[in-house]
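Each chain is listed here by its residues.
There are 2 protein chains.
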Amino acid sequence: MATTLTATIRAVAVTPKQPGSARQVELPMPTITRGTALMRVLEVGIDGTDTEINQGLYGEPPPGANFLVIGHEALSVVEGVGEGVSGFRPGDLVVSTVRRPDTCPNCQAGESDMCLFGTYTERGIKGAHGYMGEYYSEAPAFMVKIPSALRPFAVLLEPLSIVEKATFQAWRIQERMVWQPARAVVLGAGPIGILGTILLRLRGLEVHVYAKSAPESLQGRILTDLGATYQSVVDHPVTGIKDELGQIDFILEGTGNSAVAFEAMAQLGTNGVLCLTGVSAGNRSIEIPADVINLQMVLGNRVTFGSVNANRRYFEMGLEHFQQAEQTWPGIFERLITRRVPFGDFLSALDRRPEDIKTLLTIATA
Amino acid sequence: MATTLTATIRAVAVTPKQPGSARQVELPMPTITRGTALMRVLEVGIDGTDTEINQGLYGEPPPGANFLVIGHEALSVVEGVGEGVSGFRPGDLVVSTVRRPDTCPNCQAGESDMCLFGTYTERGIKGAHGYMGEYYSEAPAFMVKIPSALRPFAVLLEPLSIVEKATFQAWRIQERMVWQPARAVVLGAGPIGILGTILLRLRGLEVHVYAKSAPESLQGRILTDLGATYQSVVDHPVTGIKDELGQIDFILEGTGNSAVAFEAMAQLGTNGVLCLTGVSAGNRSIEIPADVINLQMVLGNRVTFGSVNANRRYFEMGLEHFQQAEQTWPGIFERLITRRVPFGDFLSALDRRPEDIKTLLTIATA
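In order, the protein sequences belong to chains A and B.
Okay, so the first sequence: first residue is 1 according to my numbering, each after it adds one.
Okay, so the second sequence: first residue is 1 according to my numbering, each after it adds one.
Hint data in this document are derived by calculation from the structure and do not stem from the laboratory.
Please note: incorrect hints may appear among the correct ones.
No more than 25 Å apart at the CA atoms, straight line, and that leaves these computed lysine to aspartate or glutamate pairs for DMTMM-like [what the hints assert, rightly or not]:
1) B:K17 to B:E60
2) A:K242 to A:E287
3) A:K212 to A:E287
4) A:K242 to B:E287
5) B:K17 to B:D47
6) B:K212 to B:E79
7) B:K212 to B:E52
8) B:K242 to A:D92
9) B:K242 to A:E287
10) A:K212 to A:D102
11) B:K242 to B:E287
12) A:K242 to B:D102
Which chain A residues stay away from chain B? Per the calculated CB distances, all over 10 Å, these [as the list claims (entries may be wrong)]:
13) Q18
14) G35
15) L218
Keep in mind the model is a prediction, meaning the values are calculated, not measured.
Cβ atoms here follow ideal geometry from the backbone N, Cα and C, with glycine treated the same way.
Please construct the entire structure, taking both the sequences and the accompanying hints into account.
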């Protein structure tokens, strides 16, 4: 009987629903099969979802597994391609999308972000291992090729895709009327808030950002450099912004605080649109001025919509906007990367600090 | 000095903001001027807005006046046309639109229902006299010609236009994604609820209506005849309808009860749309499960939007749907007219009774 030495890789996994279970695991090295590519992970962005999964709030292992490899924002390099894979070759930089379709009409039409049946999987979140390991296997349909000039910040493409969808959908919704938005409010100054501000500034809007950070924080300085105003909610509560600003055409809610979401609803201007992007995993009830909000929604033709995930189309839009924004504000995206943590310190990376904008877990350096 | 005998007309007016001020007034007979037509009013529908204006909740007189002629749902006949009026001649049946544009981009583009500046006027509601009198003067741009076959129920065109807009806008919003709605819920069984049900049934949807009336009420029987289900909220509270029905693609909120509006938000299915059409004139605060609603909105790409008024385009859509619906359910619209009140009894007409669907004030009989 021969002994087989199996190659293994390191990854970061959790036991879903079990708080603080993040740990290093060893997995078999993925093999290159027909129609798939082998991806070597360079770096993985950490976001609130990763932290909340590690807090045990949600997350689901793949079928048959009792752990979930986390990580859904990864920049990788193609290590090898299987038979039948065209359009990619070893050395190509890639960011993979997150959601994998089910059989619903939306998924089948290429918009798994609008999945109707809810039986999609999401790598690193729901029913499929993520990217926080040394290698993973991927099908070309979910791989977005990254121009090498974008290497320093391309890991931000996944969070950028979230606000690409949010803003695209808002503008798409408003094609129903004459809509010439001039003023936007962004709630939250994390990656979603800042990337959203970039897209709104590229669209030519006046942007006002409100969040918890102090005005002199890095977040505040970046936003000011983008030509937005930044105010701390300590002095400028959300309930007062429409009195402060006047007509607000678009609000991007990026805090995931449901109280803020409903406060924002009451701040929208006539024909205004509120986009909710934040996941509120709790079970809080709050009192709201229901008559006033309902009346305003009706009389002002206002819209509130939720936006989750992003399909491949939004990743591709993000590539365009990366380039436009870098031309307008050189170096802007690299300023968002505030910590790079080596693989062994993944627990530190998962521990979000107030001064963090985007933390990266470095898996390989080239 | 000669004495001039001026012809006068009778009308119903209120002193806005003064509860119970509805009274008969005498006004000068409108004259036919260049570019206007003289309209002889046949009948005027009463709705919640009229009642609420007479309760002193809102309403605004024309500039310089201290009273407001109410009424905004009128079927009239052209009595005479001024120079420069084309497309209309004496004897034509007409329903006039309600809102008059200001200088905002939306109004200038023919969508005064989406008015951005808010300085529009509304006949019978805000800054312009309404139709609850014997004659009024009108410009052709706001006159919708009614085929004579629609005479028996054409007075319902204004409330129909409200749900034309609400449904059209919902479908327009959802052009942003693959959306094949199959099941709708309608909240409220007044004219808005029933007319909304008619449009949704014409679109081929399964429709479930929830309201206060008993199942054996006329409202319930009409809705059942339309192929909808009807349930009383006494046995079937709004908070339970998604458990009762499963995936709900569209909800039309027609009660104006803000608590119902926010309950409805939590009942929407994935990719679902809630349209709010009811004006909640109070100042009530309520407690809502904010985390859950926000989370559902985000994860399910849900939309809530408000819809008010209707521009001319929706009146024209209504003419088409009048004919389609009459072919499908002959006599359906006349069943909605549950009381016809002679002019002198206008106070009785303004007093809404639970068994009323649509009350008409009869001004002239031919």
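Here is how each hint holds up against the structure:
1. Taking the CA atoms of K17 (chain B) and E60 (chain B), the gap is about 8 Å. The hint holds against a cut of 25 Å.
2. With a C-alpha separation of about 20 Å, the suggested pair K242 (chain A) and E287 (chain A) falls inside the 25 Å cut-off, and the hint holds.
3. About 22 Å separates the Cα atoms of K212 (chain A) and E287 (chain A), which keeps this hinted pair within 25 Å; it holds.
4. Simply put, K242 (chain A) and E287 (chain B) have alpha-carbon atoms about 23 Å apart, close enough for the 25 Å limit, and the pair holds.
5. Distance restraint check for K17 (chain B) and D47 (chain B): the Cα-Cα separation of roughly 17 Å lies within the 25 Å cut-off, and the hinted pair is therefore satisfied.
6. For the hint pairing K212 (chain B) with E79 (chain B), the CA-to-CA distance comes to about 42 Å; that exceeds 25 Å, so the pair is violated.
7. Under the criterion of a C-alpha separation no larger than 25 Å, the hint pairing K212 (chain B) with E52 (chain B) is consistent with the structure, at around 19 Å.
8. Using a Cα cut-off of 25 Å, the hinted pair K242 (chain B) and D92 (chain A) is violated, with the two alpha carbons roughly 47 Å apart.
9. With a C-alpha separation of about 23 Å, the suggested pair K242 (chain B) and E287 (chain A) falls inside the 25 Å cut-off, and the hint holds.
10. For the given pair, K212 (chain A) sits about 38 Å from D102 (chain A) by alpha-carbon distance, which is inconsistent with the 25 Å threshold.
11. The hinted pair formed by K242 (chain B) and E287 (chain B) meets the criterion: a straight-line CA distance of about 20 Å does not exceed 25 Å.
12. With a C-alpha separation of about 23 Å, the suggested pairing of K242 (chain A) with D102 (chain B) holds against the 25 Å cut-off.
13. Distance check on Q18 (chain A): its Cβ is at least 21 Å (rounded) from any Cβ of chain B, clearing the 10 Å threshold; non-interface status holds.
14. With a minimum CB-CB distance of about 26 Å to chain B, G35 (chain A) clears the 10 Å threshold, and the non-interface call stands.
15. Separation of L218 (chain A) from chain B is adequate, the least Cβ-Cβ distance of about 27 Å exceeding the 10 Å criterion.
Violated hints, listed in ascending order, are 6, 8 and 10; each of the other numbered hints is respected by the structure.
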